[in-house]
Amino acid sequence: MSMHRFAIIIGFLGGILGFALSGAAFAAESPNLGEPISEADLAPWDINIMPDGTGLPVGSGTATEGAPIFVQKCAICHGAQGEGGEARALNAGPPAATLDGGKSIANFWPYATTVFDFIRRAMPPTAPNTLPAEEVYALTAYVLYLNEIIGENDVIDKDTLPEVRLPNRDNFIIRFPERI
Amino acid sequence: MAKKRDDPSIENPENVAGNGLLHRRALLGQGALFAGAAATGLGASLTRAAAEPLVDGAGANQWGRVIAPYQTRSPFESDVVRTLTNPDNLVRNGHARTPHHMLKGMTTPNGLHFSICHSGVPDIDPSEHKLLIHGLVRQPRVFTMDALARYPMVSKIGFLECGGNSAPMFSNEPLQENVQALHGLVSCAEWTGVMLSTLLEEAGVDPRAKWMIAEGADAMRLSRSVPLAKGMDDAMIAFYQNGERIQPEQGYPMRLFLPGYEGNMNVKYLRRLELTEGSAMSYYESRTYSPILPDGTAYQFYFLQEVKSFITEPSPGLTLNEPGFHEISGIAYSGTGRITKVMVSADGGMSWGEAALQDPVLPKAFTRFTMPWRWDGQPAILQSRAWDESGAVQPTRESFIAQRGQTTRPPSVLGFPSQHFNSITSWAVDTNGEVRHVYA
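Those protein sequences? They're chains A and B, same order as listed.
Counting from 1, position 163 in the first sequence corresponds to residue 176 in the numbering used here; the numbering is continuous, with no gaps.
Counting from 1, position 15 in the second sequence corresponds to residue 38 in the numbering used here; the numbering is continuous, with no gaps.
Worth double-checking, as some hints may not be accurate.
In the DMTMM-like style, the derived pairs of lysine to aspartate or glutamate whose C-alpha atoms are separated by at most 20 Å in a straight line are [said to hold, decoys possible]:
{"#": "1", "chain 1": "B", "residue 1": "K127", "chain 2": "B", "residue 2": "E213"}
{"#": "2", "chain 1": "B", "residue 1": "K153", "chain 2": "A", "residue 2": "E191"}
{"#": "3", "chain 1": "B", "residue 1": "K153", "chain 2": "A", "residue 2": "E148"}
{"#": "4", "chain 1": "A", "residue 1": "K86", "chain 2": "A", "residue 2": "E148"}
{"#": "5", "chain 1": "B", "residue 1": "K153", "chain 2": "A", "residue 2": "D54"}
{"#": "6", "chain 1": "B", "residue 1": "K153", "chain 2": "A", "residue 2": "E48"}
{"#": "7", "chain 1": "B", "residue 1": "K233", "chain 2": "A", "residue 2": "E191"}
{"#": "8", "chain 1": "B", "residue 1": "K233", "chain 2": "A", "residue 2": "D65"}
{"#": "9", "chain 1": "B", "residue 1": "K233", "chain 2": "A", "residue 2": "D59"}
Note that these hints are calculated values from the structure, not bench results.
Take the sequences, apply the hints, and build the full model.
This is the structure in structure tokens:
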């Protein structure tokens, strides 16, 4: 090996070494103060339900089972038949929503999984995140039934809910696709 | 008269548009222009009756109040308050609107920043608050407030606007309301915190991730899907607002701040970010902030608060007490970047003059504009129109409504017929100096 070639190799290695060092120095500049946490330990906060059903818990319910729970926990704001009151109507509403109002699950919402997600995280507003999964499934089924999407004895669970197709799903235009 | 409309400067060299709009520098130390103005009516006050004798006010010779640990404004300013939609804290959402007609400058005082809460205002103990970052990352991590406080912090002056701000202007008839009721769901502050990109880079983002689902620690765990591109761009986890810790109605102990994006996405009480391939289609993104279009379709993932301006003074409730000189003042902003130009009209859009922009003009922040005006006591219609550095221009009402629709009957001023309204606002001044909302 000539000295010339040796120098090139050393220089090349030095370059790699220098890059690695600077990379390490750069990483060390970031504080890295977050504590690692396991999937099991973060599970109590991991409540997002995705449109494909990811995140849905074990359990099931029907509209028939949901009706008495609705009367007990929801009707005070949403009306005895979901016709609305202090809070929104939860029935099918008009055939189409307009700027005069009338957005409903039947005529506007794109995904049925959103119903489960929102009931669980936000309802009832005085005690959200307290309903057991069985009750959330039953209320989801009841609200979908009020919207004439499913029958009163159709079972809603982690497999059937993502299969419920809401009528307006394909009626949306992404406003700024380049920003996503 | 037609000639006057075409070139108002023929009559008075400092006129730049019809109905008495003056050159934006007419009173800013431009000697020649000011001299001209004095000759053409701006100096009218010189001809008034002699001034009242000077006397001392009540209490002028008394020892004053104690200096307070946390100072508050004068009792004479007690009517400068937000308007509330849920003052009794009933179990529904509540809004507080900023009184723009009584404020100046480019930042909103913390006590007057608009607020919307969907499950009341939580008082969160920062020692119990944590931020979890998980999902499509190399290693899920949880941060305490003490840990986050040690990260490098940056400050940014930025506006924050509810996606439903100005929604009453989707009404088919102009609602007789003031600027606070129509445009009070936007404010501007200096936000200080940690760039989210720093935390995301530490977490090690899986290339499959395209979204992050942000969630608050409020009772309803309000959640929104945010494009990861925004998270890596200029998103911030904000701890301070105008130099002091964020107040509970703004998300204490910390909130997500997404410059230029609709307020609801700027999740308050932020406690969790899950990185995902797709959107969660949460309630607020899939239902509430999806504006319906006239053909029955709807926009999804609107996010951007587009270029907009409105005049705050004169405006309804601020009656002009006499003809003569008045300064027109207003706010312009764009979620895309800097404001480059604001034009003002006093004749309902027939002629326009360029307003002065108050420095500094910052991207995605309020820009205060002013326009000197000599009101002749005759009816006038005041409008403003803004341009931003992307070239976007605030649309006329006609073109906006054609694309976005309007109601068939007037809605409640507290209603939200649609979202993301950014067209022109018109204020009509009558011969008594009273100002009302019109469509022009």
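Here's how the hints hold up against the structure:
Distance check on the hinted pair: B:K127 and B:E213 sit about 15 Å apart at the alpha-carbon level, within 20 Å; holds. The hinted pair formed by B:K153 and A:E191 fails the criterion: a straight-line CA distance of about 32 Å is larger than 20 Å. Distance check on the hinted pair: B:K153 and A:E148 sit about 29 Å apart at the alpha-carbon level, beyond 20 Å; violated. Between the alpha carbons of A:K86 and A:E148 the distance comes to roughly 11 Å, so the proposed pair stays at or under 20 Å and holds.
Between B:K153 and A:D54 the CA atoms are separated by roughly 14 Å; this keeps the pair inside 20 Å, and the hint holds. Among the hinted pairs, B:K153 with A:E48 is consistent with the structure: their alpha-carbon atoms are about 11 Å apart, no more than 20 Å. For a cut-off of 20 Å, the pair hint linking B:K233 to A:E191 stands: about 12 Å separates their Cα positions. Between B:K233 and A:D65, the direct Cα distance comes to roughly 16 Å. Compliance with the 20 Å bound is thereby established for this hinted pair.
Proximity of B:K233 to A:D59 is assessed by CA-CA distance (about 18 Å); at most 20 Å being required, the pair is judged to hold.
Going down the numbered hints, you'll see the structure goes against 2 and 3, while the others check out.
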